Amino acid sequence: MNILVLIKQVPDPEALVEIAASGKDLNIEPKFVINLFDEFALEEALRIREKHGGNVKAISLGGTKAIEALRTAIAMGADEAMLIEDESFAGSDGYNTALALSRAVQKETFDIILCGRQAIDADRGEVPQMVAQFLGLPHVGVVVKLDVDDGKAVVESVLEGTKEVIEVTLPAIFTAQKGLNEPRVPLITGVMKAMKVQIPKVPVEDLGLTKEMGGPDGSKTRIERYLPRKKRPAVQFIEGEPRQAAAEIVRILADVERVI
Amino acid sequence: MDKVLVFVETKGDEPRKASMEVLCEAARLAESGRFSMEAVCLGAVSDVLKNRLLSCTHKLVRLTDPELAAYSPEGYAHAVAGHARQIGAGMIMAGATGVGRDFLPRTAVILETGIVSDVTAANWFDDPITFVRPMFGGKVFAEVACPASPVVVTVRPNSFAMDMPEGINGEYVEVAVGLQAGSIHTRLLRVDDTRKDAVDITEADLIVAGGRGLKAAENFKVIEDLAVVIGATVGATRSVVDAKWRDQADQIGKSGKTVSPKLYIGAGISGAIHHIMGMDSSKVIVAVNRDPNAIIFNYANYGIVGDLFEVLPAMTEEFKRHKERV
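Protein chains in written order, with the working numbering: chain A, 6 to 265; chain B, 236 to 561.
This is chain B alone, in the form it adopts within the complex:
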């Protein structure tokens, strides 16, 4: 039986959401009998975190090394590759987060194998297994097979359902890696953590995004107010980021981030192809625009033609009322 090794990213006491989705998928695969599973993490592991992870995996291995205290692509790539080789993993799977997509290509080279990046679905029971991944900003999708072994896969956040497995109580092991001294050439000097608590937009379940139609930076308040009420993350189009109304980290689209939330609400956004490429894989899209011919309506499930400065505050009030009811 093939072994799946899941790389779990953690942040304090919390596993990254993208990692949990992959872990839940691996647990489902293990249940089906197609694979056995093991999870690996490299950061500090508190008891809270450990217990949470052990309810989702049959085995959790923490790789320890003084060189792994901070993230480095070289250190992580070697540690994960070494462990995968040790246990004879047939697949290495991780969330397609910034970190996952940064170091796992290196892991693939160390293991002389291929990587399938940013997949949105997998055909587990096909032979060979194929992974579905978007190309050209989601204009087309490719079904990719990896004849080489182990296959390294990164999975786009919000692609696999996070249904917690039941009845799992895994074992915890620590393994010393023994990285060579001087093998890491990057050093983290400092982190600008002003955005530390913000949910990364690629992992957000709900997004409210604004465009040029907001007319000024301070008008994003109507977007923020709505976002706060439903617990959404704020996104922006390229033009408002270029105008410095919003931070680059909020940008959705070709030169920004690709998101696939459960719900995307876009207001004052015309629907330039650059933006559409970044949000078209959202599950439900609601667009608010004054112009009934705005291109974004071609990509939306629901459209409201109207002045966003009237519609958004009304939606905020309605969501508040809805919350009070439930």
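Isolated chain A, as found in the complex:
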């Protein structure tokens, strides 16, 4: 069983994110991690390999720094890793990201591709499905259980909250949701290995793409500017004994806010 895992390096969930004075860029505190949902994808790949044998390869699209995420993948137990190194494609839209990843994947032999269901920075949740369409492969989204057997997989998906059991022929793409598994913590031997391993870096030109295609003019969608989150007015505390406070908040919700 050959398994590819598409991972993204993202800012730490606690990292400060501020809008630059121009409004066109973000200043992000430089603390990075593997995207939360990609860890579930990676863990599942390792478990499938443990059960069925095979090879796990982690692939990422990113700048030079994204190599760290791939080293973490190796430390967790991936056999190999590869970085598509391109700053402009890494900062591009879902379409271009999926295009570059699908070109890289086309050169691989695989039965399964695993991805996280969404990256927690751009929050788009588009790329795995787009990679599937570029490759003409089926996908099952938001997966919490994955059983592989004999050219097909039986999967539990919670797209709409209810659990659906779906059968799919391989090769196929799956997007991992929380609940799929508990990602392992890398062992020290894995970390040692990851520090030494040579991770190949592939320029987008090797995938038949040009840097310009990843730039703002080559993208299908484009961020015009960033806007701050709407600040709520300061909290208004409702005083009094529980019964008084309850009566007052019900009055406010019904008569002032009119949400009840």
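To be clear, the hints were calculated from the coordinates, so they are not data collected in a lab.
Treat the hints with care, since some could be wrong.
Here are the in silico distance ranges between beta carbons for each label pair [to be verified]:
hint, chain 1, residue 1, chain 2, residue 2, range
1, A, R256, B, M399, 27 to 33 Å
2, B, L423, A, G213, 34 to 40 Å
3, A, T69, B, L423, 19 to 25 Å
4, B, R556, A, L21, 42 to 48 Å
5, A, Q241, B, K456, 26 to 32 Å
Below, simulated PhoX-like cross-link-like pairs (lysine-lysine); rule was C-alpha separation at most 25 Å, straight line [what the hints assert, rightly or not]:
hint, chain 1, residue 1, chain 2, residue 2
6, B, K246, A, K168
7, A, K216, A, K112
8, A, K150, B, K479
9, A, K236, B, K518
10, B, K518, B, K479
11, A, K236, B, K497
12, A, K198, A, K70
13, B, K246, A, K235
14, B, K497, B, K558
15, A, K56, A, K150
16, A, K236, A, K29
17, A, K198, A, K36
18, B, K492, A, K235
19, A, K150, B, K492
20, A, K168, B, K558
21, B, K492, A, K168
22, A, K168, A, K36
Because the structure is a prediction, the values reported are computed rather than measured.
Note that CB positions come from ideal geometry on N, CA and C, so glycine has one too.
Based on these hints, arrange chain B on the given structure of chain A.
Showing chain B alone in chain A's frame:
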């Protein structure tokens, strides 16, 4: 004039609420003369459902194919893309539901165009049109333009007002898609429908959520009692889901669901950033916590400092009394 194609999701005789919101927005746009509109649906359409939809759209097309009997990302993506191409749609718009967000990225690739996912607002009269969407769990918002055409857009539930248009009586058409046999590689084996009747939390108007402060799974009864009286959906924080007090489907936050109800009441919730990211776009937030310094109060409109086991039952009683009065 640009044509907007609205993908309508249905469930029995009911359209999904998120779809209705998008349909109402499209009808408003059509009225303004900026766009013309058409709706498309893929499931079975009863007369009740048909009449309801035809009062909101100038045209409703049902795409039929034996392969479309159950949802599949491949089948839906090709059917909607094919129809959009056929009518020369300039925009495809749908609710950012699980299904919408699952297959529409594929539709965008088929049409060699871009998608703007989970938007919370649109600047329709800007040139180019821009869509506002949250990033980083709502820490910032991006205004996104799509120079490619047609633009595919999914809209977060509870973003557009559901003001029913008046005086519309649309036409209904069925169109056979003719999907290739063997073009669908997924097959639905069964559905665990124990939660079938529950309102999906992302579409809920009212939410009552509980956290660690509830102290035990069975104490969620105080949350449920309040929720029943006002017709709200119950939500939960990550820690109580991890403790198996509540189902994963109830989880609000970074690794759970993002909600934007009209009213969010949170009790026994400290306000960890993971949770805040999932509920900060709610219209009105009420927090109940014993600790006056709980972080959740920084994100709330109204705060009650007190024991939730006293405050919540009192609120339940007050809401009951209020209901009897009106």
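Taking the hints in turn, this is what the structure says about them:
1. Checked against the given bound of 27 to 33 Å, the beta carbons of A/R256 and B/M399, roughly 29 Å apart, stay inside it.
2. Take B/L423 and A/G213: their Cβ atoms lie about 37 Å apart, and the range 34 to 40 Å holds.
3. Between A/T69 and B/L423 the beta carbon distance is about 43 Å. The supplied range of 19 to 25 Å is therefore violated.
4. Taking the beta carbon of each, B/R556 and A/L21 are about 46 Å apart, inside 42 to 48 Å as hinted.
5. Checked against the hint of 26 to 32 Å, the C-beta distance between A/Q241 and B/K456 comes to roughly 28 Å, which is consistent with it.
6. Our distance criterion of 25 Å between C-alpha atoms is met by B/K246 and A/K168, whose separation comes to about 16 Å.
7. Taking the CA atoms of A/K216 and A/K112, the gap is near 20 Å; set against the 25 Å cutoff, the hint holds.
8. Proximity of A/K150 to B/K479 is assessed by CA-CA distance (about 17 Å); at most 25 Å being required, the pair is judged to hold.
9. A C-alpha spacing of about 12 Å is found between A/K236 and B/K518, which places the hinted pair at or below 25 Å, so the restraint holds.
10. This hinted pair does not check out: B/K518 and B/K479 have alpha carbons roughly 29 Å apart, beyond 25 Å.
11. A distance of roughly 16 Å separates the Cα atoms of A/K236 and B/K497; the hinted pair therefore holds under the 25 Å criterion.
12. For the hint linking A/K198 to A/K70, the alpha-carbon distance of about 18 Å falls within 25 Å, and the restraint holds.
13. About 34 Å separates the Cα atoms of B/K246 and A/K235, which puts this hinted pair outside 25 Å; it is violated.
14. Pair hint B/K497 plus B/K558 holds up; C-alpha atoms about 18 Å apart against a cutoff of 25 Å.
15. About 15 Å separates the Cα atoms of A/K56 and A/K150, which keeps this hinted pair within 25 Å; it holds.
16. Under the criterion of a C-alpha separation no larger than 25 Å, the hint pairing A/K236 with A/K29 is consistent with the structure, at around 20 Å.
17. Of the supplied pair hints, the one linking A/K198 and A/K36 holds, its CA atoms being roughly 23 Å apart against a limit of 25 Å.
18. For the suggested pair B/K492 and A/K235, the alpha carbons sit about 20 Å apart, so the restraint of at most 25 Å is met.
19. Between A/K150 and B/K492, the direct Cα distance comes to roughly 19 Å. Compliance with the 25 Å bound is thereby established for this hinted pair.
20. At roughly 35 Å between alpha-carbon atoms, A/K168 and B/K558 are farther apart than 25 Å, so this suggested pair is violated.
21. For the hint linking B/K492 to A/K168, the alpha-carbon distance of about 15 Å falls within 25 Å, and the restraint holds.
22. At most 25 Å may separate the alpha-carbon atoms for a hinted pair to count; A/K168 and A/K36 exceed this at roughly 35 Å.
Consistency with the previously given hints fails for numbers 3, 10, 13, 20 and 22, ordered from lowest to highest.
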